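S.K.: One letter stands for each residue in the lines below.
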Amino acid sequence: MIEVRDLQKSYGDLVAVNRVSFSAGAGTVFGLLGPNGAGKSTTISCLSGLLKPTAGTIRVGGFDLTGEAVKAKSSLGIVPQELAIYEDLSARDNLAYWGAAYGLKGDRLKQRVDHVLNRIGLMDRAGDLPKQYSGGMKRRLNFGCGLVHEPAILLLDEPTVGVDPQSRERLFDLVREEKAKGTCVLYTTHYMEEAEKLCDELAIIDHGKIIAGGTLDELRAEFGGNDIIRLTGSFEPSSVEPVIAELNAGILSLTPEVLMITISEGARVLPAVLQAISATGADIRDTRLSEPNLESLFLKLTGKELRA
Amino acid sequence: MRFIFITVVKEMKRRFNDPGGMISAIMIPLAIGFLMASVMGGGGGQPSIRAQLLVTDLDDSFVSQGILSALGQDQIADMIVVEKVDHQAGQRRINDGDGSGHLVIPEGFGKAWLEREDVALQLTVNPSQSISPRLIREMLESLLDLGDYLHKVFGEELKIIANSLDSSELVGISTSVFSSNITDKISGIADLIFPPAITVEDITPQPENVSVSFALLMFPGILVMAAFFAANGQSTNFWTEKEKGTLGRWVASPNAFFSFWLAQWFTAMLLTAVVAVPIMLAGFLYLDISYEKFFTTLGWLALTGPVLFSVLSLIQVLAPSKKAGGMISTLVMFPLLMVGGSFFPTETMPKFIATIAQYTPNGRVIEPMKGYLTGEYGASGMFIHMWGIMVAALVLVLLAGLISTRKALA
Numbered sequence: 001m002i003e004v005r006d007l008q009k010s011y012g013d014l015v016a017v018n019r020v021s022f023s024a025g026a027g028t029v030f031g032l033l034g035p036n037g038a039g040k041s042t043t044i045s046c047l048s049g050l051l052k053p054t055a056g057t058i059r060v061g062g063f064d065l066t067g068e069a070v071k072a073k074s075s076l077g078i079v080p081q082e083l084a085i086y087e088d089l090s091a092r093d094n095l096a097y098w099g100a101a102y103g104l105k106g107d108r109l110k111q112r113v114d115h116v117l118n119r120i121g122l123m124d125r126a127g128d129l130p131k132q133y134s135g136g137m138k139r140r141l142n143f144g145c146g147l148v149h150e151p152a153i154l155l156l157d158e159p160t161v162g163v164d165p166q167s168r169e170r171l172f173d174l175v176r177e178e179k180a181k182g183t184c185v186l187y188t189t190h191y192m193e194e195a196e197k198l199c200d201e202l203a204i205i206d207h208g209k210i211i212a213g214g215t216l217d218e219l220r221a222e223f224g225g226n227d228i229i230r231l232t233g234s235f236e237p238s239s240v241e242p243v244i245a246e247l248n249a250g251i252l253s254l255t256p257e258v259l260m261i262t263i264s265e266g267a268r269v270l271p272a273v274l275q276a277i278s279a280t281g282a283d284i285r286d287t288r289l290s291e292p293n294l295e296s297l298f299l300k301l302t303g304k305e306l307r308a
Numbered sequence: 001m002r003f004i005f006i007t008v009v010k011e012m013k014r015r016f017n018d019p020g021g022m023i024s025a026i027m028i029p030l031a032i033g034f035l036m037a038s039v040m041g042g043g044g045g046q047p048s049i050r051a052q053l054l055v056t057d058l059d060d061s062f063v064s065q066g067i068l069s070a071l072g073q074d075q076i077a078d079m080i081v082v083e084k085v086d087h088q089a090g091q092r093r094i095n096d097g098d099g100s101g102h103l104v105i106p107e108g109f110g111k112a113w114l115e116r117e118d119v120a121l122q123l124t125v126n127p128s129q130s131i132s133p134r135l136i137r138e139m140l141e142s143l144l145d146l147g148d149y150l151h152k153v154f155g156e157e158l159k160i161i162a163n164s165l166d167s168s169e170l171v172g173i174s175t176s177v178f179s180s181n182i183t184d185k186i187s188g189i190a191d192l193i194f195p196p197a198i199t200v201e202d203i204t205p206q207p208e209n210v211s212v213s214f215a216l217l218m219f220p221g222i223l224v225m226a227a228f229f230a231a232n233g234q235s236t237n238f239w240t241e242k243e244k245g246t247l248g249r250w251v252a253s254p255n256a257f258f259s260f261w262l263a264q265w266f267t268a269m270l271l272t273a274v275v276a277v278p279i280m281l282a283g284f285l286y287l288d289i290s291y292e293k294f295f296t297t298l299g300w301l302a303l304t305g306p307v308l309f310s311v312l313s314l315i316q317v318l319a320p321s322k323k324a325g326g327m328i329s330t331l332v333m334f335p336l337l338m339v340g341g342s343f344f345p346t347e348t349m350p351k352f353i354a355t356i357a358q359y360t361p362n363g364r365v366i367e368p369m370k371g372y373l374t375g376e377y378g379a380s381g382m383f384i385h386m387w388g389i390m391v392a393a394l395v396l397v398l399l400a401g402l403i404s405t406r407k408a409l410a
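So the sequences go chain by chain: F and H.
Mapping the first sequence onto the working numbering, position 31 (from 1) lands on 31, and the numbers just tick up by one.
Mapping the second sequence onto the working numbering, position 213 (from 1) lands on 213, and the numbers just tick up by one.
Treat the hints as calculated values from the structure; they're not laboratory data.
Quantities reported herein were computed from a predicted structural model and do not represent experimental measurements.
Each hint should be verified, as a subset may be incorrect.
[Said to hold, decoys possible] Computed cross-link-like contacts, DSSO-like style, restricted to lysine-lysine with a CA-CA straight-line distance of at most 27 Å:
| hint | chain 1 | residue 1 | chain 2 | residue 2 |
| --- | --- | --- | --- | --- |
| 1 | F | 131 | H | 323 |
| 2 | F | 197 | F | 209 |
| 3 | F | 110 | F | 131 |
| 4 | H | 111 | F | 138 |
| 5 | F | 52 | F | 197 |
| 6 | F | 105 | H | 322 |
| 7 | F | 138 | H | 244 |
| 8 | H | 244 | F | 71 |
| 9 | H | 244 | F | 110 |
| 10 | F | 138 | F | 110 |
| 11 | F | 105 | H | 152 |
| 12 | H | 322 | F | 131 |
| 13 | H | 322 | F | 138 |
| 14 | F | 181 | F | 209 |
| 15 | F | 71 | F | 110 |
| 16 | F | 181 | F | 105 |
| 17 | H | 242 | F | 138 |
| 18 | H | 322 | H | 242 |
| 19 | H | 244 | F | 52 |
| 20 | F | 138 | H | 13 |
| 21 | H | 242 | F | 52 |
| 22 | H | 13 | H | 323 |
| 23 | F | 110 | H | 13 |
| 24 | F | 105 | H | 242 |
| 25 | F | 131 | H | 152 |
| 26 | H | 322 | F | 71 |
| 27 | F | 131 | H | 13 |
| 28 | H | 111 | H | 152 |
| 29 | F | 131 | H | 244 |
| 30 | F | 52 | H | 322 |
[To be verified] Here are some chain H residues the structure puts well away from chain F; computed CB gaps all over 10 Å:
| hint | residue |
| --- | --- |
| 31 | 27 |
| 32 | 30 |
| 33 | 81 |
| 34 | 83 |
| 35 | 114 |
| 36 | 137 |
| 37 | 252 |
| 38 | 270 |
| 39 | 324 |
| 40 | 371 |
Quick reminder that beta carbons are idealized off the backbone N, C-alpha and C, glycines included.
Generate the whole structure from the sequences, applying the supplied hints.
M.R.: Pasting the structure below:
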């Protein structure tokens with residue numbers, strides 16, 4: 001449903017997206033994970049026709065986005081990062097307008113508007129202006145405007161930014177429902193837990209480049225079954241480094257405040273690790289043991305934390 | 001086309017759901033118009049704008065003083081203000097556009113008139129004014145006709161009076177004989193000047209009586225000011241939608257981006273009409289304008305008013321940001337309102353500014369409408385100017401569309 005090949009977007013000397021390639025099929029949620037400024041939104045803007053790529057090809061729904069723009073765009077539903085709704089039009093009017101933008105009319109339009117209002121939980125407030133809504137309600141309406149014409153492909157650009165937990169869960173449900181219907185969903189986020197919850201496949205993007213890709217399990221396999229130990233406190237890096245090497249562990253992050261290592265059978269060796277580190281004079285105040293996750297993977301790949 | 005229509009409906013709904021902008025666009029011009037008309041003393045049906053006639057009397061004779069005296073009579077004085085000036089001052093002021101006309105009564109005029117010799121009054125009118133000079137010219141022609149009749153009937157007596165004024169007494173004739181002569185002549189022509197009591201029913205349709213008050217001259221400018229304010233609000237919609245992301249949704253939809261601009265243009269037409277209607281209702285009532293002209297005037301405004309939207313939209317899309325666009329629009333809009341004839345009618349402006357006004361977009365909309373409302377010409381005379389304005393508006397809005405597309409897809 002989505003095929004991106006060697007996509008590049010430059011602004012003069014600045015390369016915002018650098019030879020990005022990926023594909024996603026029907027009924028899958030494909031996640032683009034990366035920190036702010038990594039190139040996720042630029043990629044999604046190119047996919048939605050908002051930005052003209054400098055190089056590369058994009059095919060959506062089987063149509064080339066440049067050569068067959070109208071057909072390609074007809075299969076897309078967009079949920080931008082900003083609240084792209086008319087605050088001076090009721091929720092019903094917003095949905096009806098964006099439905100009409102994709103050719104819906106008459107009873108079909110009305111049915112779809114009612115259906116989406118129910119799905120996003122705004123039926124009882126359908127006649128109110130969004131300026132009277134909470135942030136979460138506006139987010140849901142923003143989501144609904146992208147769904148109303150039943151697109152085959154849904155582009156979600158960080159749809160949960162600034163959303164309360166209740167609305168966030170509701171949006172997750174909507175994504176899962178779309179996936180179950182066979183919609184191809186492209187989901188960008190910098191929240192690892194969202195990506196882990198929702199995405200079937202992932203691409204990790206940083207500085208405009210995809211640095212890793214695959215299913216969650218495939219990405220975890222990058223750690224070779226190792227666990228992650230995260231210690232916080234105060235450390236002397238030059239003293240700690242040789243100790244870590246003796247323990248056959250890998251360093252993910254080492255600062256005077258935080259130490260993250262990957263190590264086999266973490267639960268079993270944890271007491272030994274703590275003892276060895278303490279022996280260097282370190283003051284350990286908190287310890288966490290976990291399986292590899294996207295955050296640790298990102299750290300391993302880039303040497304920096306995703307939320308930074 | 002269907003989606004353009006839907007977009008126009010959507011835009012109008014947005015405006016009605018948040019009517020602050022529309023109310024401002026109606027109330028501010030009304031308030032300014034009311035204040036200006038009050039300051040200038042222009043009421044609804046009162047002919048309060050008066051022509052200013054500068055007179056240089058180089059003759060200073062009984063006849064020339066008679067002309068000045070006639071111009072100072074009550075009914076004429078309501079329409080024409082006479083100010084005596086020397087020749088140079090009169091010429092300088094009329095060249096500066098100060099005054100409606102400059103009348104020079106040449107030396108020897110009175111003597112020549114009494115002797116029925118060829119003689120001419122010199123009248124220079126202010127070309128930047130249309131109504132006042134016409135009023136002066138017609139009034140002078142009427143006075144000269146009256147003078148001609150007087151000369152035919154009382155020519156000899158007028159000569160005697162003129163000569164006697166030179167010598168301070170009636171020469172060679174007694175006052176009683178002089179009076180008797182005049183009475184005899186009036187009796188002789190009494191049948192002509194006091195016609196029998198026959199009434200004639202005039203079945204000719206009476207031309208519409210439009211009293212040209214300052215308020216009436218201001219009225220088209222007030223309407224265009226309202227259209228300008230409405231257009232200004234509408235033109236910022238590009239940035240509002242860009243910032244909100246709804247413009248992005250539009251670009252991402254299968255609809256051509258130009259249709260966004262066409263929809264905005266049609267919305268500007270409707271919006272102009274919506275803000276104009278209440279002002280027109282008030283104005284037509286206050287100024288006693290025939291309601292037969294209501295819909296043609298409204299049509300003219302709705303069709304030509306969007307040229308203001310086009311100009312402001314082009315400014316907005318050329319600006320680097322919404323804030324800059326707003327500042328530049330304001331910098332352009334208020335001088336245009338001043339010069340183009342919204343704050344002051346062109347009839348009250350110096351000549352060179354009145355000339356500039358003709359080339360401003362709002363001036364292009366105001367002047368034909370004023371001509372129509374003051375009865376200078378009919379609806380066809382007004383609408384003949386429409387096509388040029390509409391084509392210019394469409395070209396400008398398409399240019400704005402082209403620039404904004406390039407910006408959006410940069």
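S.K.: State for each hint whether it applies.
M.R.: Checked hints:
{"no.": "1", "hint": "F:131 x H:323", "in the structure": "23 Å, holds"}
{"no.": "2", "hint": "F:197 x F:209", "in the structure": "23 Å, holds"}
{"no.": "3", "hint": "F:110 x F:131", "in the structure": "23 Å, holds"}
{"no.": "4", "hint": "H:111 x F:138", "in the structure": "91 Å, violated"}
{"no.": "5", "hint": "F:52 x F:197", "in the structure": "32 Å, violated"}
{"no.": "6", "hint": "F:105 x H:322", "in the structure": "34 Å, violated"}
{"no.": "7", "hint": "F:138 x H:244", "in the structure": "12 Å, holds"}
{"no.": "8", "hint": "H:244 x F:71", "in the structure": "25 Å, holds"}
{"no.": "9", "hint": "H:244 x F:110", "in the structure": "25 Å, holds"}
{"no.": "10", "hint": "F:138 x F:110", "in the structure": "20 Å, holds"}
{"no.": "11", "hint": "F:105 x H:152", "in the structure": "84 Å, violated"}
{"no.": "12", "hint": "H:322 x F:131", "in the structure": "21 Å, holds"}
{"no.": "13", "hint": "H:322 x F:138", "in the structure": "24 Å, holds"}
{"no.": "14", "hint": "F:181 x F:209", "in the structure": "31 Å, violated"}
{"no.": "15", "hint": "F:71 x F:110", "in the structure": "23 Å, holds"}
{"no.": "16", "hint": "F:181 x F:105", "in the structure": "22 Å, holds"}
{"no.": "17", "hint": "H:242 x F:138", "in the structure": "18 Å, holds"}
{"no.": "18", "hint": "H:322 x H:242", "in the structure": "10 Å, holds"}
{"no.": "19", "hint": "H:244 x F:52", "in the structure": "20 Å, holds"}
{"no.": "20", "hint": "F:138 x H:13", "in the structure": "19 Å, holds"}
{"no.": "21", "hint": "H:242 x F:52", "in the structure": "17 Å, holds"}
{"no.": "22", "hint": "H:13 x H:323", "in the structure": "25 Å, holds"}
{"no.": "23", "hint": "F:110 x H:13", "in the structure": "18 Å, holds"}
{"no.": "24", "hint": "F:105 x H:242", "in the structure": "26 Å, holds"}
{"no.": "25", "hint": "F:131 x H:152", "in the structure": "84 Å, violated"}
{"no.": "26", "hint": "H:322 x F:71", "in the structure": "33 Å, violated"}
{"no.": "27", "hint": "F:131 x H:13", "in the structure": "15 Å, holds"}
{"no.": "28", "hint": "H:111 x H:152", "in the structure": "15 Å, holds"}
{"no.": "29", "hint": "F:131 x H:244", "in the structure": "13 Å, holds"}
{"no.": "30", "hint": "F:52 x H:322", "in the structure": "23 Å, holds"}
{"no.": "31", "hint": "27", "in the structure": "20 Å, holds"}
{"no.": "32", "hint": "30", "in the structure": "24 Å, holds"}
{"no.": "33", "hint": "81", "in the structure": "52 Å, holds"}
{"no.": "34", "hint": "83", "in the structure": "56 Å, holds"}
{"no.": "35", "hint": "114", "in the structure": "78 Å, holds"}
{"no.": "36", "hint": "137", "in the structure": "55 Å, holds"}
{"no.": "37", "hint": "252", "in the structure": "4 Å, violated"}
{"no.": "38", "hint": "270", "in the structure": "16 Å, holds"}
{"no.": "39", "hint": "324", "in the structure": "20 Å, holds"}
{"no.": "40", "hint": "371", "in the structure": "39 Å, holds"}
Of the numbered hints listed earlier, those contradicted by the structure are 4, 5, 6, 11, 14, 25, 26, 37.
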